[in-house]
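Residue numbers (the working numbering), protein chains in the order written: chain A, 200 to 451; chain B, 37 to 322; chain C, 2 to 341.
Check before you lean on any hint, since a few could be wrong.
Claimed, not checked - The calculated lysine to aspartate or glutamate pairs, modelled on DMTMM-like cross-linking and capped at a C-alpha distance of 20 Å, are:
1) C:K309 with A:D291
2) A:K421 with A:E446
3) C:K113 with B:D69
4) A:K353 with C:E202
5) A:K331 with A:E376
6) C:K10 with A:D330
7) C:K8 with A:D330
8) A:K290 with A:E327
What the hints assert, rightly or not - Residues from chain C that keep clear of chain A, each with C-beta distances beyond 12 Å, as calculated:
9) V39
10) A176
11) L207
12) G243
13) M244
14) T283
Bear in mind the hints are in silico, worked out from the structure with no lab data behind them.
Here the structure is a predicted model, which means the values were calculated and not measured.
Cβ atoms here follow ideal geometry from the backbone N, Cα and C, with glycine treated the same way.
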Amino acid sequence: MALLEVRDVTKKFGELVANDRVSFTVDAGAIVGLIGPNGAGKTTLFNCAAGLFPATSGRIFFGGSEITGFPSYRIARMGAVRTFQVVRPLKDMTVYDNVLVGAFLHGAGTTKAHETAGACIEMCGLAEFADKPSGELPIGVKKRLELARALATKPRLLMLDEVMAGLTSTEVKTALELIRNIRKEGITLLIVEHIMEAIMPIADKVVVLDGGIKIAEGPPRKIIHDERVISAYLGEKFSRRLQARREEQPNV
Amino acid sequence: MDTLFQVLLDGMLNGMLYALVAVGLCLIWGVMDVINFAHGEYVMIAMYLTYWLGFLANVDPLVSMFAGGLFIFILGALTYQLIIKYTVGKPPLSALLATFGLAMLLKNLCLNRFTPNYRILSDTWLGDKTFQMGTLIVPIPQLVTAVLALLVIGLVFFMVRSTRFGWAIQATAMDKEAAELMGINTERIYLLVFGIGGATVGIAGGVMPTYLAVHPEVGTMFSLIAFVCVAMGGFGSIPGALVAALLIGIVEALAGYYIAPVFKYVAVFGLYLALVFLRPRGIFGW
Amino acid sequence: MNHHALKRKDLFWLALVALVALAPLLPAIAANSFLMHVLILILLYASMAQAWNIIGGYGGQTSFGHAVFFGIGAYGAGMAVVTYGLSPWPGALIGMLAAAVVAVLISYPCFKLSGHYFAIATFAIVEIFNRMFLVWYWVGGALGLDYPLVEEGLANLMWYDSKTGYFYCALVLFALIFGIVRFLEGHRFGYYLRAVREGQETAESLGVNSTAVKLAAMALSAALAALCGAFFVQYNLRVDPGMVMSLDTSMKFVLVTILGGAGTLAGPLLGAAVLIPLQEYTRALWGGLGGGVDLIIFGFLIIVIVIKQPAGITGIVRDIARRRVRRQDAAKGGATLGTS
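Based on the sequences and whatever the hints tell you, model everything.
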């Protein structure tokens with residue numbers, strides 16, 4: 200059963216169409232990647248699904264119930280939580296307090312919330328930074344904080360917006376490990392990503408946007424051969440060249 | 037009917053005074069997103085300057101208003117250099133709170149030195165003169181202030197719209213970093229804008245002592261009304277501030293005459309609230 | 002780290018309150034009426050500032066309208082005594098309730114305004130209330146309310162011969178408000194409130210209903226400010242619109258907190274402890290309003306604090322402590338405090 204269903208969502212900013220009748224689903228327990236070149240409308244779609252702003256038209260369903268037009272805090276309470284592309288630590292609060300804010304969502308009492316916060320901090324390797332103010336930390340730590348904080352809300356669906364951007368390749372490997380662990384906990388993941396080496400290895404399914412419309416949807420190994428995807432990322436000329444080479448050597 | 041026109045006339049003349057006080061604040065707010073709480077105190081100081089020059093040296097307000105303009109220009113520039121400059125990176129309301137401190141300091145300094153006594157400048161060239169226009173009585177000092185206001189506002193507007201300096205100001209207002217990258221000395225722009233904003237109220241304070249009592253508390257209401265004018269007119273819009281000021285002057289006069297004097301400001305602030313809830317960005321705001 | 006146990010700083014506060022409670026037992030203090038007056042005012046202003054701190058410091062919404070709530074509380078208690086001949090307690094409770102309701106009604110539209118527009122709207126509201134109370138016959142109009150002679154005691158919250166009764170009342174008020182804020186600091190509401198201050202959208206992405214949180218904080222802040230107003234009128238024995246419903250009174254709420262350190266527990270007390278002695282002793286020295294000297298100094302202090310150390314006195318103390326630790330670390334030749 201689809202945990203998240205996006206149905207014919209269109210988002211316009213004045214005359215600019217950022218998303219044009221996009222539809223896709225995210226099954227429970229899956230890792231779904233949302234990719235596409237710059238300006239494809241990935242973050243806009245994300246923001247619509249997360250309730251940051253309402254879609255111009257279309258419907259969105261979470262866990263079977265309709266969430267179209269719901270404000271972001273309601274959607275978060277239902278179990279769909281997102282991180283931000285440009286990290287937003289609650290600056291004047293410590294790392295621990297940041298995560299605690301997330302933990303309070305389903306931590307029925309203060310004790311429970313502290314336990315959850317502690318666990319998430321451990322899981323994301325933030326223990327040494329716990330008491331530092333979150334505003335002055337290196338970007339890698341801030342990204343982990345963003346993740347830990349979202350995890351603390353005990354989401355059913357975790358939506359990550361370009362969580363790998365700006366990380367070194369070692370950090371990317373650690374992040375991938377973390378994401379796999381998150382999936383093991385039973386959390387579904389929708390990941391907007393730019394960096395192919397990051398998303399392709401772990402995604403069960405990939406949705407490709409370009410210029411506001413969905414151009415492909417399917418498992419990674421099929422998507423990378425999809426003409427339209429190659430054309431969108433690398434341009435028509437290269438796509439044709441690749442196609443020609445493939446015709447010469449069909450087993451590559 | 038005649039009283040209505042008289043009330044409207046008095047309201048409009050008063051509104052022009054508010055506009056003159058507001059234009060400086062509008063410029064400052066529009067360019068650097070700073071609310072100068074001491075703006076009204078600038079008026080008060082200019083009024084005292086004019087009063088003392090008139091009382092001690094018999095200088096006519098029409099002359100000393102230039103001194104007032106210059107004096108408050110310097111005061112404004114100093115305010116920027118010593119205070120406002122340091123609020124730039126700080127939390128948004130810092131400038132407001134710091135200038136509130138300044139207002140408190142200036143007000144009580146004058147209270148301490150000059151006592152809370154009300155003073156009016158008599159024996160000036162304009163004095164109490166009025167002239168009749170049909171059944172309307174037009175007070176001359178207020179009329180002169182209104183004309184002066186139009187001149188100054190027009191000058192400032194022209195400067196901002198049509199001179200190179202004005203374009204530099206607009207650029208700085210829209211995007212400080214980009215302006216700097218184009219070689220504009222934004223520090224100097226900020227300094228001059230604060231100075232010019234001050235100068236406009238310095239001139240305003242020039243003519244006022246002939247018909248308004250000078251005392252340490254006189255600035256506070258001017259500050260509040262100037263804020264309301266600028267906020268109602270829309271962030272950074274000089275025509276907006278002018279329209280808002282006229283509207284406020286008229287509403288104040290009507291409320292004062294037809295309801296009760298104490299309701300003047302209820303009407304003014306009520307109008308502000310009603311408008312800003314309906315149009316959060318003000319009449320012409322961007 | 003155990004976040005649950007009574008922290009060291011809580012013990013410090015309890016000790017402080019206990020110590021202050023003992024003060025009037027010293028005849029030297031109890032007999033000095035002026036000193037008692039200063040101490041009572043410090044406790045009152047600290048309480049007022051702490052009430053504002055809830056929405057202004059922890060909540061990050063700089064409201065300049067708290068004079069309205071203070072005034073509603075003062076008039077609530079005042080009218081109970083003067084107009085209806087009752088004890089002030091029911092009046093104070095009604096005042097608190099009324100203040101909370103008014104707070105929610107006016108904040109709801111105001112919160113839609115941003116930054117400066119919000120600030121100006123709160124000024125406008127104070128001015129409107131001020132004028133309305135000036136002409137409202139039922140509350141005494143411009144003349145205000147003057148207290149008649151009533152029976153002394155706790156029921157009427159009135160003492161004539163000594164200030165000790167008022168002192169302990171002020172102390173209880175102080176302990177109550179500071180206690181509430183301390184409790185909220187560790188409670189989910191306190192965290193949510195600060196999260197909304199640090200980033201409203203971010204907080205909402207974590208499930209926080211920011212509008213509800215802000216309105217609740219405003220209502221609580223207003224009710225407590227009203228309670229302070231009720232104490233004020235009982236101590237001052239009269240009230241009129243200029244005394245309570247004025248921009249100057251509103252700014253006191255704001256500036257005392259900012260001077261001490263907004264968003265901290267100790268800030269309001271520190272701010273009051275600096276300002277009140279300054280205010281009262283200059284007035285005593287120079288007579289009348291003291292020629293405004295206290296406000297000249299206060300104005301100057303505010304400018305310096307806002308531009309040099311926006312975190313107020315607590316910020317200054319914290320910086321000094323940090324510098325000492327750094328110097329100690331360097332002396333030990335140990336690791337720096339820097340982050341990687």
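Evaluation of the provided hints:
1. C:K309 with A:D291: holds (18 Å)
2. A:K421 with A:E446: holds (17 Å)
3. C:K113 with B:D69: holds (19 Å)
4. A:K353 with C:E202: holds (19 Å)
5. A:K331 with A:E376: Cα-Cα ~25 Å, so violated.
6. C:K10 with A:D330: Roughly 17 Å between the alpha carbons, so the hint for K10 of chain C and D330 of chain A holds.
7. C:K8 with A:D330: Holds, because 15 Å separates the two Cα atoms, which is no more than 20 Å.
8. A:K290 with A:E327: holds (17 Å)
9. V39: holds (33 Å)
10. A176: At roughly 22 Å from the nearest Cβ of chain A, A176 of chain C sits farther out than 12 Å, so the non-interface label holds.
11. L207: Per Cβ check, L207 of chain C is inside 12 Å of chain A; nearest 5 Å; violated.
12. G243: holds (37 Å)
13. M244: holds (36 Å)
14. T283: holds (35 Å)
Of the hints listed earlier, those the structure fails to meet are numbers 5 and 11, in rising order.
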